[in-house]
Structure formats: C-alpha cells, structure tokens
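2 protein chains.
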Amino acid sequence: MPAPAADLTITRIDITPVGFTDPPLLNSVGVHEPVALRAVVQLSTDAGISGLGETYGDEAHVQRLRAAAEQIVGLDVFALHEIRRTVAETLAGVRGGDRHGLTGSITASGTIDRVFASFEIACLDVQGKALGRPVSDLLGGAVRDSVPFSAYLFYKWAGHPGEPDDAFGAALDPAGIVEQARWMLHDYGFTALKLKGGVFPPADEAAAIEALRAEFPDVPLRLDPNACWSPATSIAIGRRLGGVLEYLEDPAAGIDGMAETAAAVPMPLATNMCVVDFEHIPEAVAKDAVQVILSDHHYWGGLQRSRRLAGICATFGLGLSMHSNSHLGISLAAMVHLAAATPELTYACDTHWPWKPSAEDVIEPGALAFRDGSVAVPPGPGLGITLDEDALARRHEQSVRSGLTARDDTGYMRRFQPGWDPPHW
Amino acid sequence: MPAPAADLTITRIDITPVGFTDPPLLNSVGVHEPVALRAVVQLSTDAGISGLGETYGDEAHVQRLRAAAEQIVGLDVFALHEIRRTVAETLAGVRGGDRHGLTGSITASGTIDRVFASFEIACLDVQGKALGRPVSDLLGGAVRDSVPFSAYLFYKWAGHPGEPDDAFGAALDPAGIVEQARWMLHDYGFTALKLKGGVFPPADEAAAIEALRAEFPDVPLRLDPNACWSPATSIAIGRRLGGVLEYLEDPAAGIDGMAETAAAVPMPLATNMCVVDFEHIPEAVAKDAVQVILSDHHYWGGLQRSRRLAGICATFGLGLSMHSNSHLGISLAAMVHLAAATPELTYACDTHWPWKPSAEDVIEPGALAFRDGSVAVPPGPGLGITLDEDALARRHEQSVRSGLTARDDTGYMRRFQPGWDPPHW
Chain Z
60 MPAPAADLTI TRIDITPVGF TDPPLLNSVG VHEPVALRAV VQLSTDAGIS
110 GLGETYGDEA HVQRLRAAAE QIVGLDVFAL HEIRRTVAET LAGVRGGDRH
160 GLTGSITASG TIDRVFASFE IACLDVQGKA LGRPVSDLLG GAVRDSVPFS
210 AYLFYKWAGH PGEPDDAFGA ALDPAGIVEQ ARWMLHDYGF TALKLKGGVF
260 PPADEAAAIE ALRAEFPDVP LRLDPNACWS PATSIAIGRR LGGVLEYLED
310 PAAGIDGMAE TAAAVPMPLA TNMCVVDFEH IPEAVAKDAV QVILSDHHYW
360 GGLQRSRRLA GICATFGLGL SMHSNSHLGI SLAAMVHLAA ATPELTYACD
410 THWPWKPSAE DVIEPGALAF RDGSVAVPPG PGLGITLDED ALARRHEQSV
460 RSGLTARDDT GYMRRFQPGW DPPHW
Chain C
60 MPAPAADLTI TRIDITPVGF TDPPLLNSVG VHEPVALRAV VQLSTDAGIS
110 GLGETYGDEA HVQRLRAAAE QIVGLDVFAL HEIRRTVAET LAGVRGGDRH
160 GLTGSITASG TIDRVFASFE IACLDVQGKA LGRPVSDLLG GAVRDSVPFS
210 AYLFYKWAGH PGEPDDAFGA ALDPAGIVEQ ARWMLHDYGF TALKLKGGVF
260 PPADEAAAIE ALRAEFPDVP LRLDPNACWS PATSIAIGRR LGGVLEYLED
310 PAAGIDGMAE TAAAVPMPLA TNMCVVDFEH IPEAVAKDAV QVILSDHHYW
360 GGLQRSRRLA GICATFGLGL SMHSNSHLGI SLAAMVHLAA ATPELTYACD
410 THWPWKPSAE DVIEPGALAF RDGSVAVPPG PGLGITLDED ALARRHEQSV
460 RSGLTARDDT GYMRRFQPGW DPPHW
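Sequences listed follow chains Z and C, in order.
Position 156, counted from 1, in the first sequence is what the working numbering calls 215; the numbers after and before it change by one each time, with no gaps.
Position 376, counted from 1, in the second sequence is what the working numbering calls 435; the numbers after and before it change by one each time, with no gaps.
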C-alpha cells in the first residue's frame with residue numbers, strides 16, 4: 060500500500076509563452092501566421108512532483124494565467140473546485156476584452172474555464188504521478204487503448220509569402236485538397252477527413268468534398284466553413300452534400316443561424332463556435348440548433364468539465380466530437396487521456412498535429428505516436444510525457460523572436476491583400 | 060513520492076443483506092415496517108486494500124448485485140467506465156420487473172445505475188485509501204468542511220402495532236409534528252425542516268407546515284406528499300404555502316402533473332420521483348416541470364454520475380438538493396463526501412439518520428457526527444469509515460430474522476387496516 064500523499068501543495072507555477080512554425084493555412088478570417096503561439100504551464104509541488112499543462116499563448120491570456128497562478132500557489136492539487144473558484148475571483152479583477160479569436164462567443168464563465176483548464180491538467184498530471192497511474196484513470200479509466208483522430212485538411216499557399224515553399228505544397232482547389240488528403244492518410248492513417256472551408260465560394264468547397272468522396276469512398280468526411288455562410292447558403296450546400304458528410308460543422312453563425320440550417324439539412328450540424336460554454340447549451344438544446352458538440356478541454360475548463368460536457372451531450376442526445384487548435388504534445392497527451400476515458404465520444408478527434416514540425420515540440424519524443432490514425436494512451440504516470448527543458452527554451456525564444464502577441468489571421472492576410480475582408484456567402 | 064499503485068485489481072466482492080430497526084413512519088403508500096433493509100458491499104483487491112459500499116437491500120436488487128459482482132471481479136478499481144459497462148451487460152441478462160418501490164419511474168439505465176453505484180463507491184474508497192486521501196478529493200476536493208442536513212419529519216404512530224411505544228412517540232397532527240421538529244432541532248441542530256406528507260388530507264398537512272412556520276420562523280421548510288395530490292390540489296396548496304416553503308417536493312405525479320403545478324405556484328418544485336434518471340431530464344427541462352432535483356448517489360449511479368447530474372442542474376439553471384432513504388453510516392459517509400465536493404449543491408440534504416438506532420450501525424462509531432445540523436467530512440483515507448464485522452453479522456441476522464425480502468409499506472399497513480389503499484387527493 061503506497062504511503063499517503065498528504066503533501067501535494069502547489070509551490071510554484073511557471074508560465075512560458077512558446078512559438079512554433081506554422082504553415083500558411085487558410086480560413087475564413089485570413090491565414091495562419093508563420094509562428095503559432097502557445098503557453099506551457101509547469102506546476103511544482105512540495106512533494107517534488109511537477110505537472111504540465113498547455114494552453115493559448117496570446118499575451119492577454121498569458122497575463123490572466125499569471126495573475127491567477129499567483130493566487131493558486133499554496134493550494135492543494137486535489138482542491139480543483141477551490142482552484143477554479145480562485146481563478147474566478149482573480150479574473151473578476153482583471154477581466155476585460157477577452158476575445159482572442161480562437162473560438163466564437165466569449166463569456167465570463169468561458170474565460171474562467173480557459174484560464175483554469177491548463178492548471179487543472181497540470182494538477183491531474185501531479186495526481187496521476189503521485190498515484191502511479193495515467194490521467195485517464197483519474198477520469199474513470201480508458202475505454203479504448205488508442206484514440207482515433209481525423210485528418211485536418213486546409214486550403215493553403217505553397218509557402219509564406221517571401222519565403223521558400225514549405226514541405227506541404229499548395230492546396231487551392233479540389234485536386235490540391237485530394238492530394239493533401241492522400242499524403243495525410245498515407246503518413247498517419249487517419250480514419251476521417253475534415254476540410255477547413257470558408258475560403259473559396261461554397262460551391263467550390265462542396266466540389267472539394269465531392270472530390271474527396273470520389274477518391275476515398277469509405278472515409279467519413281466533414282466540412283467546416285467557420286460560420287461564414289448564410290443560413291440559405293448553408294441549407295443549399297447542406298442539401299447538396301446530403302449522404303456525403305458525417306457532419307457539417309458551423310456552416311452558419313449563431314444559434315439561430317444554426318437552428319434554421321439544422322431544420323432543413325439532412326446531416327447533423329456540429330459546432331465549436333456557437334456553443335463554447337455551458338451557458339450556451341440550454342438555448343442550443345431548446346432550438347435543436349446543433350446535433351454534435353466539439354469539446355475542447357482548453358476552453359471547456361479542463362478534463363473534468365469536459366466530462367461534464369460529455370454527460371450533458373449523452374443526456375440530451377447530442378453527439379460529441381473534439382476540436383483542436385494548433386498545439387504541441389502536452390495538449391495532445393491531455394486530449395488522448397480525455398478521449399480515451401470518454402465513452403460518449405463517438406467521432407474521431409480533430410488535430411492540427413501534422414502541420415507542426417516534429418522537431419519543434421517541447422516534450423521528449425516517443426510518448427505519442429500515430430498508428431492507423433490513432434494515438435495510443437500513454438501508460439503514465441500522469442500525462443505520461445516529459446518536458447524537454449532545452450526545447451522549451453528554444454520555443455520560448457521563437458515566440459519572442461516572432462514579435463507576435465496575439466493571433467491575427469486577418470491582419471496577416473491584409474499584408475498581402477490590402478483591404479481584404481473575411482468573406483460572407 | 061508514494062510507490063505506484065499499479066495493482067488494485069478486484070479479487071472478491073461480498074454482498075451482505077442487513078436490517079435495522081425502523082419506526083412506524085407514515086407515508087402516502089403506507090407505513091415503514093419494523094425492519095429496514097439495506098445491503099453492504101465489501102470489495103477486496105489484490106493490494107490488500109478493501110472498499111465499502113451501501114445500497115438497497117431488497118432481494119431482487121441483491122440478486123442483481125451478486126450477478127454483476129461475479130463479472131466485476133478481475134477488473135481494476137480505476138476502470139469505472141468498464142465496471143459500469145460490465146454491470147450493464149450483466150443486467151441485460153437478468154433485467155426484469157425491477158420496480159422496488161423506493162423511487163418513482165424505473166428505467167433500464169436507472170437499474171444499471173443503482174446496481175453500479177455501490178460498486179463505484181467501494182472502488183472510490185479503495186482509490187482514496189491507496190492515495191491516502193479522502194474520497195471528496197477524488198471528486199474535485201471539498202468546498203465545505205461540513206455538510207448541512209435537513210430534519211426529516213414524519214407523521215408516525217407511537218409504536219409498531221402490538222409492540223411497546225418507541226422512543227419517538229406519536230405525531231399525527233400539527234402539534235405532534237411541531238413537537239417532533241423541536242426535539243430533532245434540539246438534538247441535531249438541523250438547519251431545515253422537511254415534512255413527509257401524503258398521509259392526511261392536504262389542508263391538514265398545510266396546517267402542519269403553517270404550525271412549523273409559526274413555531275420556527277427562520278427555518279426553511281419543505282413538504283413532500285409523494286406525488287399523491289392532483290395538479291389542482293397541488294396548485295391550491297402550493298398557493299396557500301407561498302412564501303412559506305423553500306420548495307414543494309413532488310406534489311403531483313409525473314412530469315406533466317409537475318409542469319402544470321409549477322406553472323401556477325410561487326415556489327420551486329423539487330423531485331425525486333418524476334426525474335430519477337438522466338433519461339427523464341430532457342422532457343422535464345423542456346416542460347419546466349421541476350426547479351430542483353434531489354440527487355441520490357444510490358440511484359444516480361454513484362458519486363461521479365451524481366457530479367454529472369450536478370453539472371446538468373447548473374447548466375440548466377436547476378437547483379440541486381439531496382434525497383435519502385433509510386440508511387446506515389456507509390451511505391452517510393458517501394453522501395457527505397459527495398455533498399462536500401459538489402459546489403452546485405445549495406440546499407441542506409435529506410437524511411433519515413435520526414430514525415435509526417445509533418447502536419444498530421455497521422461502522423465503528425466516531426467517524427460521523429452531527430453538529431449544528433451538519434456532518435464534518437471524514438478526513439479519510441477513502442470514505443474515512445471502518446466496518447465493524449461483528450455489527451455486520453448482527454445486522455445480517457436481523458435481516459434474516461425479519462423474514463422481509465422487499466419493502467412493502469402498503470402490505471404492512473393493510474395488516475392493520477384491511478382494504479387500505481394509498482390516497483389520492
């Protein structure tokens with residue numbers, strides 16, 4: 060019988076902004092900048108056990124993280140309710156313009172959840188290490204040995220303007236998207252294909268989906284135009300792609316736009332834009348606006364609150380999938396533990412993983428690998444990953460060198476296309 | 060740093076039916092029999108750490124527990140999803156007439172949850188012991204050091220027919236109920252008063268509530284007629300008691316009866332009868348049938364799934380309270396850990412505790428005590444309680460001697476009042 064783990068008090072929290080190379084991936088609000096920002100949370104305890112978390116890296120978010128971290132030091136890693144309450148109290152003082160462009164509507168409780176999340180994960184990492192168990196065991200245990208992911212296809216330029224072409228090449232039409240899907244399926248074995256749309260006229264993107272269906276007749280397909288279509292356009296394209304898409308993700312803006320669309324198209328609608336906080340759920344349920352919610356522990360308040368979301372989805376007959384932003388290995392490990400321990404998750408998860416250079420992670424290699432489109436659950440303890448301090452320093456330097464303080468896909472696009480505005484179809 | 064707790068495989072599960080003395084408490088379906096039935100679950104692991112659970116003791120339930128227990132042996136105490144899946148698979152074979160009269164509507168998933176619950180709690184007890192932490196720490200940590208409870212007032216006879224009067228005396232009118240409240244508040248310090256109604260004509264029970272209000276002007280009051288009133292009666296009494304009750308519990312039957320009542324009375328309606336399973340929630344929400352759900356880990360599937368219920372209540376703006384059946388100390392410990400780690404719980408919890416002779420528990424005394432109406436969270440590890448094997452043997456013997464195999468308040472009442480039928484007002 061292990062000795063009691065009575066002393067697991069948080070003694071220190073380090074928050075390090077990091078950057079890594081990102082290709083020019085296109086979306087409805089512009090194009091990815093050359094460096095993606097994240098922040099790494101390192102949480103130390105008086106027992107000598109430390110935990111890791113990963114979250115958004117924009118400056119305003121990092122400031123909120125640091126303000127909350129100061130107040131959390133001294134609390135116990137098992138006192139998760141108390142830690143969240145402390146985050147809420149701290150943010151009541153610093154809250155403000157907190158829209159950072161990574162998801163849709165922002166609410167006060169949503170801000171609390173996205174600050175709390177990375178601390179919660181670092182605490183669960185410590186708990187798992189103290190117990191000698193993987194984090195998935197703290198969530199009810201893994202119900203699958205490995206977690207299936209979806210390829211995340213993007214329209215993209217051949218390279219960032221003024222720089223050499225990247226290794227991925229251009230994808231600006233159906234043939235380019237099919238080619239991108241081909242290598243991604245070959246290299247990773249993904250079991251579903253998601254196309255980020257909202258870049259070209261809707262009919263062109265529907266044609267890209269149809270080209271994917273023709274080329275890969277058995278792979279589930281998804282299209283995500285990031286809410287830049289009108290309900291009328293959403294309905295027209297939704298009907299055209301009936302029987303082709305497993306779900307259509309955020310075609311129209313807002314719960315009302317989604318509800319109008321949902322009532323008229325044959326496939327489920329998924330969202331990570333109009334339902335991104337528990338506060339949004341009652342209206343979405345009442346209006347039957349969405350049939351699948353993309354969970355994301357980074358803004359749903361960590362792994363325990365993501366399980367709460369899963370329970371709500373199961374109770375109200377909603378499907379559950381998983382959203383991704385550009386991320387490093389700490390986030391992937393957390394996503395895998397969560398997904399493994401979430402029986403309600405019935406879709407392959409999103410991930411930007413292939414777009415990140417493998418040499419630019421902050422964790423030691425080997426813990427996470429894609430095989431047949433899935434990532435095996437790290438056996439632990441905790442998240443089952445180890446921070447590479449030298450790599451962390453390099454990524455922090457890359458963040459500083461980039462000069463970026465917030466993601467701004469639109470501003471970056473306008474440097475090459477002055478006067479460009481996000482499209483609405 | 061504690062050693063890894065890698066081996067926590069379930070090696071054996073013992074299920075022991077037990078009985079303890081119960082006074083002749085009256086309700087809408089009859090009167091409590093002289094012995095209340097429960098079952099104690101003892102779960103052993105290969106690490107030598109054992110865990111406790113307590114659940115319903117009727118024979119049909121015990122048979123289901125034993126069938127499931129056989130299949131669970133060999134699983135890991137952290138594999139809670141897998142354990143529940145195994146329970147579900149096992150019950151798919153033995154399911155059948157599973158109404159046991161302790162709550163309202165029964166569903167298939169509800170049966171799974173009430174069998175799974177005591178196993179889950181025993182597993183959490185083991186987890187906590189392995190980690191040297193209280194069970195509340197496995198639920199996000201205690202947000203309160205002690206958990207407030209409500210007095211549970213009953214109309215009652217002076218004693219079981221043919222036996223000497225019990226220590227509590229009769230309570231058959233407003234004065235008797237006020238007297239009962241007085242000693243219960245004095246002895247335990249409860250911070251709320253709940254009256255089990257459905258026994259006398261509704262106007263008489265409203266008069267009892269008014270008498271309590273006159274005598275105890277500052278104590279929150281609740282009335283629970285167990286769904287034996289029509290919506291018209293519920294509305295009339297609800298309006299009469301506006302401003303007097305903090306909530307009215309299950310006045311009318313079914314989600315529709317509750318919805319009709321809720322729309323016309325000034326206070327929130329609470330339920331542990333028309334919403335007793337996750338499957339019931341969507342319709343209740345859509346119809347705004349109830350404003351407070353009484354959770355009960357014994358039928359909501361254990362502590363983790365009770366947290367899921369709490370999350371749903373918070374999300375949909377429902378209040379959360381806690382239900383009780385006649386119970387022993389294992390259940391009380393689990394209720395206290397859960398309530399302590401549930402920030403969403405905003406009402407004092409129900410408990411039948413004062414009606415059970417203190418000498419008839421199965422746990423060693425000292426771990427659980429009422430002070431100012433609240434029970435301090437046992438510091439652990441695990442549930443923080445210890446089974447008294449001799450007491451367990453005595454309680455099992457009492458169960459056997461009673462000859463009872465299922466709770467039958469109606470049948471017992473008819474022994475003294477032949478032809479008696481549950482009233483409907």
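Just so you know, these hints were derived from the structure itself, not from any lab.
Worth double-checking, as some hints may not be accurate.
Copies of the same chain are indistinguishable here, so a pair counts whether it falls within one copy or spans any two.
[Unchecked claim] Taking lysine to any residue pairs in the SDA-like style, the calculated list, with each CA pair at most 25 Å apart, reads:
id, residue 1, residue 2
1, K346, P424
2, K346, R71
3, K415, D277
4, K415, V303
5, K415, P325
6, K346, R460
7, K415, G378
8, K415, D467
9, K415, G432
10, K415, P93
11, K346, G462
12, K346, A167
13, K415, D347
14, K415, E129
15, K346, E319
16, K415, G425
17, K346, A318
These numbers were taken from a predicted model, which means no experiment stands behind them.
Consistency of the hints with the structure:
no., hint, in the structure
1, K346 / P424, "neither (46 Å within a copy, 53 Å between copies)"
2, K346 / R71, "neither (45 Å within a copy, 49 Å between copies)"
3, K415 / D277, "neither (27 Å within a copy, 63 Å between copies)"
4, K415 / V303, "neither (29 Å within a copy, 63 Å between copies)"
5, K415 / P325, "neither (35 Å within a copy, 58 Å between copies)"
6, K346 / R460, "neither (47 Å within a copy, 57 Å between copies)"
7, K415 / G378, "neither (28 Å within a copy, 45 Å between copies)"
8, K415 / D467, "within (18 Å within a copy, 65 Å between copies)"
9, K415 / G432, "within (16 Å within a copy, 57 Å between copies)"
10, K415 / P93, "within (11 Å within a copy, 70 Å between copies)"
11, K346 / G462, "neither (43 Å within a copy, 53 Å between copies)"
12, K346 / A167, "within (23 Å within a copy, 28 Å between copies)"
13, K415 / D347, "neither (36 Å within a copy, 48 Å between copies)"
14, K415 / E129, "neither (31 Å within a copy, 48 Å between copies)"
15, K346 / E319, "both (9 Å within a copy, 22 Å between copies)"
16, K415 / G425, "within (16 Å within a copy, 58 Å between copies)"
17, K346 / A318, "both (6 Å within a copy, 20 Å between copies)"
Violated hints for the displayed structure, listed by number in ascending order: 1, 2, 3, 4, 5, 6, 7, 11, 13, 14.
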